[in-house]
Every structure is written in structure tokens, then in C-alpha cells.
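For this one, chain A is given, so just place chain B on it according to the hints.
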Amino acid sequence: MRHPSEYWLKYMLMFSDLSNVQISETASMYGMVAPEADYLSSLREGLMETRPSPFRMDFTPSRNWVRRQRFLSMARADEHAANARELLGNVKCRRVVETLLLANMDIQAVSEFVLEITGISVHKKTVDLYRHYFWNRDLLSTREWLDYLEEYDNGKILASCYSQGGEYALWKLGHRVSLPKEEILTSVFHESAMRFFETSQFDNTRDTAMTAKLWAESLFKANEELEKSGDAVKQVLENLKDIAIKLGKRDITSIDDLGET
Amino acid sequence: MFGGNGIGIQPVIFKESSTKVDGIKFEYHIDGNRVQFHLWANPKFPDETAEKLSLGLKHFPQETIVVDFVPEVDSWYVEVNSLAVSPTDSLVESIIKKIARVVNKDG
Numbered sequence: 001m002r003h004p005s006e007y008w009l010k011y012m013l014m015f016s017d018l019s020n021v022q023i024s025e026t027a028s029m030y031g032m033v034a035p036e037a038d039y040l041s042s043l044r045e046g047l048m049e050t051r052p053s054p055f056r057m058d059f060t061p062s063r064n065w066v067r068r069q070r071f072l073s074m075a076r077a078d079e080h081a082a083n084a085r086e087l088l089g090n091v092k093c094r095r096v097v098e099t100l101l102l103a104n105m106d107i108q109a110v111s112e113f114v115l116e117i118t119g120i121s122v123h124k125k126t127v128d129l130y131r132h133y134f135w136n137r138d139l140l141s142t143r144e145w146l147d148y149l150e151e152y153d154n155g156k157i158l159a160s161c162y163s164q165g166g167e168y169a170l171w172k173l174g175h176r177v178s179l180p181k182e183e184i185l186t187s188v189f190h191e192s193a194m195r196f197f198e199t200s201q202f203d204n205t206r207d208t209a210m211t212a213k214l215w216a217e218s219l220f221k222a223n224e225e226l227e228k229s230g231d232a233v234k235q236v237l238e239n240l241k242d243i244a245i246k247l248g249k250r251d252i253t254s255i256d257d258l259g260e261t
Numbered sequence: 001m002f003g004g005n006g007i008g009i010q011p012v013i014f015k016e017s018s019t020k021v022d023g024i025k026f027e028y029h030i031d032g033n034r035v036q037f038h039l040w041a042n043p044k045f046p047d048e049t050a051e052k053l054s055l056g057l058k059h060f061p062q063e064t065i066v067v068d069f070v071p072e073v074d075s076w077y078v079e080v081n082s083l084a085v086s087p088t089d090s091l092v093e094s095i096i097k098k099i100a101r102v103v104n105k106d107g
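These protein sequence lines are chains A and B, in that order.
Be aware that the first sequence starts at 1, since it is given in this note's numbering, and climbs by one per residue.
Be aware that the second sequence starts at 1, since it is given in this note's numbering, and climbs by one per residue.
Note that these hints are calculated values from the structure, not bench results.
Ideal Cβ positions, reconstructed from N, Cα and C, are used throughout, including at glycine.
Treat each hint with caution, since some may be false.
What the hints assert, rightly or not - So, partial list: chain A residues that the calculated Cβ filter (under 10 Å) puts toward chain B:
#	residue
1	Gly31
2	Met48
3	Leu88
4	Thr118
What the hints assert, rightly or not - Label pairs and their in silico Cβ distance ranges:
#	chain 1	residue 1	chain 2	residue 2	range
5	B	Asn81	A	Asp17	17 to 23 Å
6	B	Glu27	A	Arg195	48 to 54 Å
7	B	Glu27	A	Ala209	55 to 61 Å
8	B	Val73	A	Arg76	47 to 53 Å
9	B	Arg34	A	Tyr39	23 to 29 Å
10	B	Glu16	A	Thr60	31 to 37 Å
11	B	Gly8	A	Lys124	29 to 35 Å
12	B	Glu16	A	Met57	41 to 47 Å
13	A	Ser141	B	Lys20	30 to 36 Å
14	B	Lys15	A	Gly174	23 to 29 Å
Said to hold, decoys possible - Pairs of lysine to aspartate or glutamate residues, derived as EDC-like cross-links and limited to a Cα-Cα distance of at most 20 Å, are as follows:
#	chain 1	residue 1	chain 2	residue 2
15	B	Lys20	A	Asp153
16	B	Lys97	A	Asp153
17	B	Lys105	A	Glu151
18	A	Lys221	A	Glu167
19	A	Lys213	A	Glu198
20	B	Lys97	A	Glu150
21	A	Lys181	A	Glu227
22	B	Lys25	B	Asp74
23	B	Lys44	B	Glu72
24	A	Lys125	A	Glu36
25	A	Lys124	A	Glu86
26	B	Lys105	A	Asp147
27	A	Lys156	A	Glu167
28	B	Lys58	A	Asp38
29	A	Lys156	B	Asp22
30	B	Lys58	A	Glu198
31	B	Lys105	A	Glu150
32	A	Lys221	A	Glu191
33	B	Lys58	A	Glu36
34	B	Lys58	A	Asp147
Just chain A, with the same shape it has in the complex (with noise of 0.2 Å):
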């Protein structure tokens, strides 16, 4: 199975002169989920046959080789590297971090909400490297990620922020969103519609009546309000239509000027 550090676990097998049982545990030690020994052994081979010889940081080829194989930043131990690789050992920002990445929140928002749920700054380079190093949502399809949360500390509801999403994520993390009404109206609609088509695959019991017309009564109260708020946002734009024609109808230079309308 691949590993969400998997830049992180080659700049390893190239730098840090460990086995790759030593790698591993040194994984397990920072609360990763452990790489499978195969798939390291993969990993290391793979460097080896395609590495430059020599091998050197002071050879042209060997930098291109290693900006290649996408782990240069933590070869060089550049700011933002080092930084994210600290993340590691920060739990509070850590947790936020990988939540909010796993819901597939853009790169500076996840930073913006750091700041705000843990008070503590850190720079969308940061956050990004981290991403790119240590938890790399691109690099695992679905079935893998849910794979590899499932022996992963909390696994279980950083799963859920996997396919829920960022407002979802925040939740989880404790932090309040103000949601679009009209949104979760659409949402709630759409999910009981479908849920309630589901149980037309159901064998037809008392079970699957009764949960077909909870389904049913859902779908119609979720559009009953849907209508409603749509009437008050059209009422609320006619009011605005009405106001805006008054007003065209003079010319307001003051707030003064505003009230003798």
C-alpha cells in the first residue's frame, strides 16, 4: 500500500543512512501509520537504479536527480521544510493541519484556520510542504486512504472529513462555520431524494416502507422550506427593485437628502 509521506520516506532511504526497518519505526514513532517492508524495499529500489553516480549534492546531475524525485526542499533543509517537518511534533496544529487537508481545503484557508482554531501561525509554505512531504491527498486513491486511516490515530473521523468536506472538517475540529441556508436546504434535498430512490431496491417489508417514508417526509419538508426561502429572497429583491427606482428618481447627495424620500 502507498503511503500519504511518501516523499518524506524516499528523502529518507536517500539521506538519513537508516534501514529501512529503522524508517519504518522511525514512522511508527512519529504516529505515521508504518510503511509496509515491501513497499519500502520498492521505494528503495527504485532510487537505486535510477540515482546519478556519483552521488553528490555538489553535482549538477545528482540536485536535478533529487528536484526530480520532488524531495530537494528537504534535502536542503530549506525554511519551509524544516517548518513542516517540525509539524510533526506540534499536536494541536498537526490534527488541524491533516483534517483540513484530508477535506481538500485549499492551502491558505487551512493556514487562515490554524491561526484561527490553534492561535498559532503557519505559513501556507509551511502548509503546503506538509502536504507535499507528509500527507499527500494526491498520492492515495480513495480505497487507499481509507485503508491507511483505519489503523491511523483518529482515523475513524478523519475518514469522515475525507468525503464530507471542509465545513464538515471544521465541525469535527470543534470550530463554528456559518453555512449557506439554501446550500444544506439543496443538500438535505438531494440526499433524501436519492435515499429515498434507494429503497426501491429494498425488499418491500414494513422496514422499508417505514424507511421510505421517512425518506419521503425529509424530501417534502426540505423543499417546503427550499420554496420558502426562495419566495423571501425574491420578496427581499423586489423590495430592493422598488427602493433602487425611488431613489433614480432623485438625485441623493446626503443622507439628509435619503430621508426626505
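Same frame as chain A, now just chain B:
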């Protein structure tokens, strides 16, 4: 004797872990590249404690792990030695979390 000085023996202080494990109170001591643990019943050790401890430490080579019951004090002694990286408090907590996952899952 001893140049007039007494023999100074530094006390070994074990630190309580912040990670909670069902039925076990963890205390640890970092000594170079090894970590020693004293485990106390809280209030009662879970069933098959030895197996669960070993399972929680399965990612470490077997020869670097000690898991022993100490009947005199009714506690478990666990040691992870020859670690590749120097252990810190947060890394030790991480080891305990791995054990907690196994123990807390089964109750």
C-alpha cells in the same frame, strides 16, 4: 573512602503519559535512545495485556522490545531500545498512542 564524598545516585524519575489507555496508567523514562515504561493497573489491567502490548509495538524489531510482568509490584515493565531517532516526549506519546489503539479498541 570515596575521597570523603558520599556516592551520589541520581533518582530516576518516570513521567506520567498524557495519552490515556483503558485500564493502564503509563509512566515512562527516556534514557538515551531507549524508553522504559512502567505500567500500572488502572484500576485493572485489560485481558491479555501482554499480547496487546506486543501488538501495539509490532513495528519495532522484536529484539529491541522487552515486555515483562513484575509480580513483586504487580506491574508491567516495557522497554523499547536501540531506537533510530532520539526519543522525545511527543515521540514517546506517539508510541503509547499505538498501544492505546490496540487496547482501547478491544476494551
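Structure-based check of each hint:
| no. | hint | result |
| --- | --- | --- |
| 1 | Gly31 | 4 Å, holds |
| 2 | Met48 | 20 Å, violated |
| 3 | Leu88 | 8 Å, holds |
| 4 | Thr118 | 15 Å, violated |
| 5 | B:Asn81 to A:Asp17: 17 to 23 Å | 19 Å, holds |
| 6 | B:Glu27 to A:Arg195: 48 to 54 Å | 50 Å, holds |
| 7 | B:Glu27 to A:Ala209: 55 to 61 Å | 58 Å, holds |
| 8 | B:Val73 to A:Arg76: 47 to 53 Å | 51 Å, holds |
| 9 | B:Arg34 to A:Tyr39: 23 to 29 Å | 27 Å, holds |
| 10 | B:Glu16 to A:Thr60: 31 to 37 Å | 53 Å, violated |
| 11 | B:Gly8 to A:Lys124: 29 to 35 Å | 52 Å, violated |
| 12 | B:Glu16 to A:Met57: 41 to 47 Å | 44 Å, holds |
| 13 | A:Ser141 to B:Lys20: 30 to 36 Å | 34 Å, holds |
| 14 | B:Lys15 to A:Gly174: 23 to 29 Å | 28 Å, holds |
| 15 | B:Lys20 to A:Asp153 | 13 Å, holds |
| 16 | B:Lys97 to A:Asp153 | 7 Å, holds |
| 17 | B:Lys105 to A:Glu151 | 11 Å, holds |
| 18 | A:Lys221 to A:Glu167 | 23 Å, violated |
| 19 | A:Lys213 to A:Glu198 | 12 Å, holds |
| 20 | B:Lys97 to A:Glu150 | 14 Å, holds |
| 21 | A:Lys181 to A:Glu227 | 12 Å, holds |
| 22 | B:Lys25 to B:Asp74 | 13 Å, holds |
| 23 | B:Lys44 to B:Glu72 | 16 Å, holds |
| 24 | A:Lys125 to A:Glu36 | 29 Å, violated |
| 25 | A:Lys124 to A:Glu86 | 14 Å, holds |
| 26 | B:Lys105 to A:Asp147 | 17 Å, holds |
| 27 | A:Lys156 to A:Glu167 | 17 Å, holds |
| 28 | B:Lys58 to A:Asp38 | 16 Å, holds |
| 29 | A:Lys156 to B:Asp22 | 19 Å, holds |
| 30 | B:Lys58 to A:Glu198 | 43 Å, violated |
| 31 | B:Lys105 to A:Glu150 | 12 Å, holds |
| 32 | A:Lys221 to A:Glu191 | 13 Å, holds |
| 33 | B:Lys58 to A:Glu36 | 12 Å, holds |
| 34 | B:Lys58 to A:Asp147 | 18 Å, holds |
Checked against the numbered hints given earlier, the structure breaks hints 2, 4, 10, 11, 18, 24, 30 and satisfies all the rest.
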